[in-house]
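Enquirer: Work out the full structure: start from the sequences and follow the hints.
There are 2 protein chains.
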Amino acid sequence: MSNRTILLNSRPVGMPTANDFKFVEQELAGIQPGEILLKTRYVSVDPYLRGRMSDAKSYVAPFELDKPINSGVVAEVIESQNDQYSPGDWVIGALDWSEMQISNGKGLNKIDTQLASPSAYLGVLGMTGLTAYFGLGEIGRPKEGETVVVSGAAGAVGSIVGQIAKIKGARVIGIAGNDEKVQLLKSEFGYDEAINYNSTEDMPAAIAAAAPNGVDVYFDNVGGEISDAVYINLNKFGRIAVCGSIAVYNETERPVGPRIEPIIVKNSILMQGFIVSNYAEKFPEGVQQLSQWVNNGSLKHVETIIEGFDNIPKAFIDLFSGANKGKMIVKVD
Amino acid sequence: MSNRTILLNSRPVGMPTANDFKFVEQELAGIQPGEILLKTRYVSVDPYLRGRMSDAKSYVAPFELDKPINSGVVAEVIESQNDQYSPGDWVIGALDWSEMQISNGKGLNKIDTQLASPSAYLGVLGMTGLTAYFGLGEIGRPKEGETVVVSGAAGAVGSIVGQIAKIKGARVIGIAGNDEKVQLLKSEFGYDEAINYNSTEDMPAAIAAAAPNGVDVYFDNVGGEISDAVYINLNKFGRIAVCGSIAVYNETERPVGPRIEPIIVKNSILMQGFIVSNYAEKFPEGVQQLSQWVNNGSLKHVETIIEGFDNIPKAFIDLFSGANKGKMIVKVD
Chain A
1 MSNRTILLNS
11 RPVGMPTAND
21 FKFVEQELAG
31 IQPGEILLKT
41 RYVSVDPYLR
51 GRMSDAKSYV
61 APFELDKPIN
71 SGVVAEVIES
81 QNDQYSPGDW
91 VIGALDWSEM
101 QISNGKGLNK
111 IDTQLASPSA
121 YLGVLGMTGL
131 TAYFGLGEIG
141 RPKEGETVVV
151 SGAAGAVGSI
161 VGQIAKIKGA
171 RVIGIAGNDE
181 KVQLLKSEFG
191 YDEAINYNST
201 EDMPAAIAAA
211 APNGVDVYFD
221 NVGGEISDAV
231 YINLNKFGRI
241 AVCGSIAVYN
251 ETERPVGPRI
261 EPIIVKNSIL
271 MQGFIVSNYA
281 EKFPEGVQQL
291 SQWVNNGSLK
301 HVETIIEGFD
311 NIPKAFIDLF
321 SGANKGKMIV
331 KVD
Chain B
1 MSNRTILLNS
11 RPVGMPTAND
21 FKFVEQELAG
31 IQPGEILLKT
41 RYVSVDPYLR
51 GRMSDAKSYV
61 APFELDKPIN
71 SGVVAEVIES
81 QNDQYSPGDW
91 VIGALDWSEM
101 QISNGKGLNK
111 IDTQLASPSA
121 YLGVLGMTGL
131 TAYFGLGEIG
141 RPKEGETVVV
151 SGAAGAVGSI
161 VGQIAKIKGA
171 RVIGIAGNDE
181 KVQLLKSEFG
191 YDEAINYNST
201 EDMPAAIAAA
211 APNGVDVYFD
221 NVGGEISDAV
231 YINLNKFGRI
241 AVCGSIAVYN
251 ETERPVGPRI
261 EPIIVKNSIL
271 MQGFIVSNYA
281 EKFPEGVQQL
291 SQWVNNGSLK
301 HVETIIEGFD
311 NIPKAFIDLF
321 SGANKGKMIV
331 KVD
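Chain order of the listed sequences is A and B. Count the first sequence with our numbering and you get residues 1 to 333, in order. Count the second sequence with our numbering and you get residues 1 to 333, in order.
Treat the hints with care, as some may be off.
Computed cross-link-like contacts, DSS-like style, restricted to lysine-lysine with a CA-CA straight-line distance of at most 25 Å [what the hints assert, rightly or not]:
| hint | chain 1 | residue 1 | chain 2 | residue 2 |
| --- | --- | --- | --- | --- |
| 1 | B | K282 | A | K143 |
| 2 | B | K67 | A | K266 |
| 3 | A | K282 | B | K266 |
| 4 | A | K282 | B | K236 |
| 5 | B | K106 | B | K282 |
| 6 | B | K186 | B | K300 |
To be clear, the hints were calculated from the coordinates, so they are not data collected in a lab.
Expert: See below:
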């Protein structure tokens, strides 16, 4: 049985390109006792994967050259010699970017595609939603009436963060990169104010205008100059949840900017970085709360679905130009 | 009765100079009912006063031009028309840089000069000791066996932080600016390792060598390049207590350095700025614990005592060249 897989061809220097990926066709062996054959249905592409493509030490091991890339994948069980899985089951897990693959089932979880769309398990009910839920709830901790700023606000995580902050009774300001997203933030996600950083000359002033009472919580998905503009608007005892720095992931030099320490001292700021797995023990609580909000209509999720296995690398690369609204997912037939 | 006072003559640009201060001689009126006449005995000079000499918004109001500067002062009551104070009482409070002054007694606390030296109330048992105690205890939270790095380690706060970290069972590494201080850190304050940043070419490597298990807690008094060298040695879930940024207080441009956000995300770092008054409710607990450690000999305090009212500005200015070991205090006869 023939099968295509995407390997890491070279470690990206700066912005990743198509040449950093290599498609190979390999023969799959038949499954052995205990194994299952999986057909890939949905693939999650996420900014954090950029870090794994470098060989720098990070919170997850780097991908190896000439080995398959993996990410969150929803797959269908096609054949099974494992008691726990039957053909027709849908599962989620960290799986290779392959059309088909063989697994022993470990680390996979079955999903109920009647309860939610399969792709939702890669987004609002998956790592994306949990990242928003725990980063905001455990670090940002917005109180009713406080002001929350979200960068990358129309992205996978940001679009959920803003809505949760609204549920908590905060005033919510989103920062995004084009007018269409700014519109979406207000019309779809309930943001009180939204700022297009590409068309705004004086970002610090724009944030100050949108946040007349100052900023209490900053949920940061992007880093860089956008963050600099938020920092100087923080109130005393402000909290910064640092979720990602997509603005600098592709820098080849160590990025430089205004030092934040004087602001941190002056206003007794708390700044905390996190990855979602820090809160693994609380995942069931998070999924339950997110499901409830989705089901009662208070949490909308938007996806950008790209079709076709061939387009996985492009979908990933396009994250860095902000081509996605909400969660970027590749659907594989 | 004639009396000298030190006013803010001009707001310092960069490093403060003698010209930024002005000595004036003024006649003091007699005291009215409810008032006390105070003679200044000990004056605390502290890096944070530099911030108050600028007119930028900060956590305490700026000093006014041509008005007296004030800081922590120990004074003796000379005359009293206030029931709560008698001549011969010693008090501590935020008082003017004047040889003599009149007060209504509000905001002052009596000190027991039998229990500890008067200057100790400006240092280890005062704001300095409490800053060390709460910054390390509430933010750094070192666990037994963890590695703690302290910058400005031989300074007023740093010398106490290191000793408390040792009491908590941590491995403690101090960073200071000359060999005499480095020696003092090891011989007097019990630091496991000490690094002279002025004679060390490769600070990141020196910290890595001194901290073979990485750095879990960084108590930062200085900021700037010393901090950059510590940051890249932080372990996952590291904590940074940002107490001060003396290295950049005298910068006239907004200081620039490597962005810290990617490190904060990668290692789930917590960075928190604070001033001691954030913990005012817990001061009694802090003073009690510090007194106990001082009395049982597990907490030594070192002071640099400068003599003479005339030398107050110089003592303050000399903080920025690191002239002090431990707490810098001016004794006024």
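Enquirer: Are the hints correct? Go through all of them and say.
Expert: We went through each hint and held it up to the structure:
no. : hint            : result
1   : B/K282 x A/K143 : holds (24 Å)
2   : B/K67 x A/K266  : holds (23 Å)
3   : A/K282 x B/K266 : holds (21 Å)
4   : A/K282 x B/K236 : holds (19 Å)
5   : B/K106 x B/K282 : holds (21 Å)
6   : B/K186 x B/K300 : holds (13 Å)
The structure agrees with every numbered hint stated previously.
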